[in-house]
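Protein chains: 4
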Amino acid sequence: MIKAGIIGGAGYTAGELLRLLINHPEVEITFVNSSSNAGNPIVDVHEGLIGETDLVFTDELPLDEIDVLFFCTAHGDTKKFMDSHELPKHLKVVDLSMDYRLEAPEHEFVYGLPELDKEAISKAKYIANPGCFATCIQLALLPLAKNQLIHENVIVNAITGSTGAGVKPGATSHFSWRNNNISIYKPFSHQHVPEIKQSLRKLQGSYNSEIDFIPYRGDFARGIFATVVLHCKANADSLYLMYKEYYADAPFVHVSEKNIDLKQVVNTNKCLVHLEKHDDKLLIISCIDNLLKGASGQAVQNMNLLFGLDEQTALKLKPSAF
Amino acid sequence: MIKAGIIGGAGYTAGELLRLLINHPEVEITFVNSSSNAGNPIVDVHEGLIGETDLVFTDELPLDEIDVLFFCTAHGDTKKFMDSHELPKHLKVVDLSMDYRLEAPEHEFVYGLPELDKEAISKAKYIANPGCFATCIQLALLPLAKNQLIHENVIVNAITGSTGAGVKPGATSHFSWRNNNISIYKPFSHQHVPEIKQSLRKLQGSYNSEIDFIPYRGDFARGIFATVVLHCKANADSLYLMYKEYYADAPFVHVSEKNIDLKQVVNTNKCLVHLEKHDDKLLIISCIDNLLKGASGQAVQNMNLLFGLDEQTALKLKPSAF
Amino acid sequence: MIKAGIIGGAGYTAGELLRLLINHPEVEITFVNSSSNAGNPIVDVHEGLIGETDLVFTDELPLDEIDVLFFCTAHGDTKKFMDSHELPKHLKVVDLSMDYRLEAPEHEFVYGLPELDKEAISKAKYIANPGCFATCIQLALLPLAKNQLIHENVIVNAITGSTGAGVKPGATSHFSWRNNNISIYKPFSHQHVPEIKQSLRKLQGSYNSEIDFIPYRGDFARGIFATVVLHCKANADSLYLMYKEYYADAPFVHVSEKNIDLKQVVNTNKCLVHLEKHDDKLLIISCIDNLLKGASGQAVQNMNLLFGLDEQTALKLKPSAF
Amino acid sequence: MIKAGIIGGAGYTAGELLRLLINHPEVEITFVNSSSNAGNPIVDVHEGLIGETDLVFTDELPLDEIDVLFFCTAHGDTKKFMDSHELPKHLKVVDLSMDYRLEAPEHEFVYGLPELDKEAISKAKYIANPGCFATCIQLALLPLAKNQLIHENVIVNAITGSTGAGVKPGATSHFSWRNNNISIYKPFSHQHVPEIKQSLRKLQGSYNSEIDFIPYRGDFARGIFATVVLHCKANADSLYLMYKEYYADAPFVHVSEKNIDLKQVVNTNKCLVHLEKHDDKLLIISCIDNLLKGASGQAVQNMNLLFGLDEQTALKLKPSAF
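Protein chains in written order, with this note's numbering: chain A, 169 to 490; chain B, 169 to 490; chain C, 169 to 490; chain D, 169 to 490.
Source of the hints: derived by calculation from the structure; they are not laboratory data.
Treat the hints with care, since some could be wrong.
Calculated lysine-lysine pairs in the DSBU-like style (CA-CA distance at most 30 angstroms, straight line) [to be verified]: (1) B:K484 with D:K336; (2) D:K260 with A:K314; (3) B:K354 with C:K412; (4) C:K314 with B:K354; (5) A:K449 with D:K484; (6) B:K286 with D:K412; (7) C:K484 with A:K171; (8) A:K449 with A:K247.
Interface residues of chain D toward chain C, partial, derived using beta-carbon atoms under 8 angstroms [unchecked claim]: (9) F249; (10) S252; (11) A272; (12) H275; (13) R346; (14) A389; (15) T481.
Glycine is no exception: its CB is placed at the ideal position from the N, C-alpha and C atoms.
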């Protein structure tokens with residue numbers, strides 16, 4: 169059994185991770201660290217786990233007792249932790265924060281998008297789990313980059329569920345405000361763009377254009393739905409071949425020739441991708457569940473790869489569908 | 169022109185009051201007091217007023233300049249204010265808090281439910297505006313009390329929109345939690361029950377039973393939908409006559425012989441009431457918009473009565489319907 | 169491997185059944201019959217299954233090739249089918265319609281609520297799967313009946329998601345109408361009441377009172393949330409003991425001493441039950457996912473019992489939580 | 169009093185028109201024609217009007233008795249009607265269908281976007297009321313065209329509420345499907361694009377580029393929220409001046425220097441426009457209520473202009489805000 173510890177256990181991604189790991193046949197949860205909730209049963213915070221676990225939050229960190237450590241910490245806090253602690257040699261790490269997503273000589277984290285480089289992840293020790301928007305947008309673009317086809321700015325409009333903004337209440341997550349509402353934030357300046365570019369450059373050395381990304385706040389809780397537009401000379405048939413070939417070995421990415429909608433992926437670790445050519449414009453639609461393929465599901469997928477398990481272990485989830 | 173001041177101007181009921189008064193042909197808003205927002209334009213806080221007003225929040229209280237003062241304050245704060253200020257003699261007051269809803273020798277507030285005693289309101293100086301649940305439930309029951317027909321516990325189940333819980337963010341108003349969720353709170357102990365009983369006793373001296381009220385949190389922003397059940401010997405036809413007679417002079421209450429649904433009243437000052445007899449059980453359905461007939465709409469209705477205006481002035485609102 | 173066939177494969181309960189059976193380690197889906205969709209891939213109708221199955225709807229009925237037949241048919245259609253077909257001797261049946269829920273000398277269906285009589289189900293050949301409201305309300309009441317404690321009318325208010333009304337579009341399932349709306353239907357006359365009474369009588373021979381049930385249409389897709397009220401002399405502690413004892417062997421029913429909310433069970437096969445005493449009134453809250461414990465999840469649970477499998481096989485589902 | 173008739177009275181736009189005209193001080197509704205509903209009270213179909221009107225649908229067409237005729241007909245049906253009927257000479261027409269939005273020698277309809285040419289509308293007899301998406305997108309672009317600033321393709325992503333798809337139930341308006349879902353339709357080929365181009369060309373003779381428009385289905389009932397992106401050399405300050413000058417005489421269009429969200433316009437006839445420069449990219453956000461400024465509100469605005477009334481008559485609506 170793989171023994172797992174979680175830091176930052178009270179947030180949404182930790183809850184989702186727990187909901188996955190509890191049914192993982194090869195994992196035992198050793199501790200869930202949350203200073204603010206130490207001593208409280210996990211089910212008091214993570215609804216939907218009632219009857220499934222007796223775990224209690226702890227403020228201890230028995231790192232020697234675990235094989236893998238998940239950081240579900242706020243951005244910046246993983247780095248603080250890594251800088252101030254010496255981790256046991258054998259310990260593997262999956263970091264859900266954005267602290268180590270950009271490669272740098274100072275750290276040895278591998279970017280954990282299995283559809284980009286599964287091999288590297290399998291051999292890694294520390295994984296930087298990708299951002300939710302970043303995952304959804306990359307999965308729309310990777311096959312193009314692989315085929316050296318991105319030569320201009322890419323136009324991205326993507327709408328996210330409220331869970332993407334975390335558990336902390338605020339004005340834009342207030343039900344009375346958000347219900348039936350639509351708005352945008354951080355246009356052309358979202359923090360996930362750099363990691364997208366980093367991946368595209370890996371596949372297409374010549375890649376040198378912008379991701380013109382407008383993020384929308386949606387009035388739903390789960391999911392990201394993205395439209396991606398760029399000019400492209402290839403025709404629809406050859407593009408479909410390209411995408412299907414690229415994702416041949418990716419069990420969670422499905423290329424659909426029919427139009428898709430967000431709820432087809434909610435509560436799954438899937439990404440659906442749909443392509444349409446309109447004259448010389450290529451429209452790519454992709455969607456994921458932001459808490460699963462966009463966060464904790466991908467974290468488990470990475471953990472499976474780190475430990476040589478089948479990538480899909482504990483991730484064949486019943487879609488909620490409605 | 170009636171000059172109006174508002175205290176507690178940053179909350180939901182104040183926003184709704186402003187949205188109504190801005191279009192009131194006989195009212196001029198003199199000041200909107202909010203210590204936390206002093207100096208900020210009102211449209212910064214109350215969305216949907218953009219382009220309609222240049223008013224700015226103030227921390228001043230020029231009580232001498234106004235004819236009517238609306239308290240949109242938290243429960244307890246109106247009383248604190250009244251105890252610590254001497255109001256100008258001529259000044260009329262409409263208090264939306266619950267501080268003075270129960271009659272007492274110590275105060276001269278009149279309970280502001282026009283369908284209970286329009287006459288008293290018209291002659292009053294200070295009005296205690298009823299609670300939202302209290303309004304919805306009373307309007308379901310008043311004709312029965314008037315006809316001395318309540319002889320046993322009344323079973324009430326009523327579901328409210330999130331705006332009933334106010335602007336302050338919290339766990340149960342977080343979009344991620346509340347969206348698509350249902351829950352209850354304060355079963356059999358909601359603070360609006362005493363004012364309901366007080367009204368019933370006024371119409372039916374013998375009234376001496378319980379209101380068994382379970383409040384539900386709904387996953388919508390506006391409205392209250394209540395079902396009220398009690399045993400009653402009268403038949404449906406005579407009950408409809410009773411209700412229609414009782415509300416003959418109530419321009420906002422409509423007795424519907426067809427089944428009703430919540431959105432028929434949203435964004436209006438109406439209350440719809442529907443009756444069904446099932447054997448000896450009488451089922452009464454009533455619904456209102458909690459921010460209008462349940463709060464600020466009723467406050468304007470009361471103000472209209474206080475100043476001898478047509479009750480419906482500024483309250484013939486376009487229903488949102490969807 | 170258990171070979172399964174499904175009749176009425178295009179509806180919501182069939183979709184949910186497929187989403188469960190696809191991940192069931194002991195089941196192989198042999199055919200999905202839908203005359204209206206014959207020849208179409210299942211993923212064209214049941215979204216969220218993309219990438220998980222290549223199954224195609226058929227209008228054939230190879231009953232000899234299967235071990236278990238699920239009826240996801242409209243009410244009335246199972247009976248028509250049973251009256252006009254001779255089923256292979258060995259074939260087991262789980263009927264999700266309401267045709268055989270009431271016991272009668274003319275048929276040999278066993279009522280499939282495992283928490284009522286798991287033993288009988290295990291030995292049965294034909295199962296009548298309970299109704300969704302009926303499941304939620306019975307699980308709130310069975311321990312009381314077992315302890316001979318129901319002596320008066322039981323007041324039930326329960327709100328259901330839109331999937332309860334099926335896939336066929338109509339006025340009350342139109343998004344523009346239902347979004348943010350609340351209404352009731354069939355008060356005191358819902359078709360699930362007789363099966364509830366039948367179960368209560370089995371446990372409490374003296375049971376002879378009414379279920380005063382008002383069903384509400386909720387503005388969400390999945391779930392049923394019920395409040396159940398009756399007078400009861402037992403105190404809270406002894407009632408909790410009673411309920412926990414009754415459900416000691418029921419892996420999907422959890423008795424919670426904390427208040428509960430609907431989303432704690434959505435996308436699970438669980439039922440949560442919470443109790444509160446208020447003076448002599450007992451309030452029981454129970455909630456389920458109407459498509460899982462209220463339909464297809466319970467159908468799989470019954471199938472597991474029919475074939476001697478662990479009751480929870482393929483039903484340890486990740487809650488959607490949000 | 170202006171006497172008004174309505175054809176196609178059972179749809180959403182007719183309902184909204186009725187909700188407006190009932191409170192219009194200068195209008196009397198003479199008839200509401202609906203062959204399918206002839207004889208039924210209007211409140212049976214248009215919820216939210218209960219208590220406000222005793223009107224009954226008719227299948228008669230007393231065109232001689234009215235001053236203005238509103239077509240709330242399906243696309244194609246207005247033209248059929250016009251081709252087969254001779255209208256009384258004095259009769260003015262506002263057509264909410266798309267039949268006459270494109271100017272042509274064969275007809276004398278004037279395109280009814282007051283912010284484009286209020287003068288022409290005031291003098292017109294027949295008005296072609298603009299499309300909902302078309303209104304929202306044009307109001308984002310008109311000041312640019314007026315200043316000859318559109319020199320390349322314009323990227324538009326806009327999301328609409330379900331009421332935009334009408335009252336007829338269907339797969340994509342089913343609550344169970346649409347709730348919490350996002351999808352797109354008709355990318356780069358929406359039928360409103362030609363009328364947008366026609367208007368831009370009127371203001372900017374040199375305009376010769378594309379509107380790359382992706383329409384999204386939102387999981388809310390009312391409203392359209394659009395983002396519009398193009399390259400533009402002008403800086404933000406000068407653009408704000410330009411927009412404010414262009415809309416100086418437009419009482420319903422408000423240019424906001426703060427970010428905006430959809431619910432700020434819901435249940436109003438307003439359009440909000442917000443601008444941001446990001447390097448050389450200009451982002452314009454605009455939003456309207458699709459049933460008001462996008463349909464029936466604009467129809468009343470046009471009627472006001474046709475009859476020389478204040479443009480805002482009966483259109484100073486209380487925003488629903490929540």
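Structure-based check of all given hints:
Annotation: proposed proximity of B:K484 to D:K336 holds, straight-line Cα distance about 29 angstroms (limit 30 angstroms). Pair hint D:K260 plus A:K314 does not hold up; C-alpha atoms about 61 angstroms apart against a cutoff of 30 angstroms. With a CA separation close to 24 angstroms, the supplied pair B:K354 and C:K412 stays within the 30 angstroms bound. Simply put, C:K314 and B:K354 have alpha-carbon atoms about 29 angstroms apart, close enough for the 30 angstroms limit, and the pair holds.
Between A:K449 and D:K484, the direct Cα distance comes to roughly 43 angstroms. Violation of the 30 angstroms bound is thereby established for this hinted pair. Between the alpha carbons of B:K286 and D:K412 the distance comes to roughly 47 angstroms, so the proposed pair goes past 30 angstroms and is violated. Taking the CA atoms of C:K484 and A:K171, the gap is about 21 angstroms. The hint holds against a cut of 30 angstroms. Taken as a hint, the A:K449 and A:K247 pair is broken in the structure, with Cα atoms around 41 angstroms apart against an allowance of 30 angstroms.
Using the Cβ-Cβ criterion of 8 angstroms, the hint placing D:F249 at the interface with chain C is not satisfied: the shortest such distance is roughly 26 angstroms. Given hint, D:S252 at the interface with chain C, is violated; its Cβ is 31 angstroms from that chain's nearest Cβ, farther than 8 angstroms. For the restraint placing D:A272 at the interface with chain C, the shortest Cβ-Cβ distance is roughly 33 angstroms, beyond the 8 angstroms limit, so the hint is violated. Contact between D:H275 and chain C, as hinted, is not supported at the beta carbon level, the nearest pair being about 32 angstroms apart and thus beyond 8 angstroms.
Annotation: D:R346 was flagged as interfacial toward chain C, and the flag holds, the nearest CB pair being 4 angstroms apart, inside 8 angstroms. Taking 8 angstroms as the C-beta contact cut-off toward chain C, the hint placing D:A389 at the interface holds, the least distance being around 5 angstroms. Among the interface hints, the one on D:T481 is violated; its C-beta lies about 27 angstroms from the nearest C-beta in chain C, farther than the 8 angstroms criterion.
Checked against the numbered hints above, the structure violates hints 2, 5, 6, 8, 9, 10, 11, 12, 15; every other hint is satisfied.
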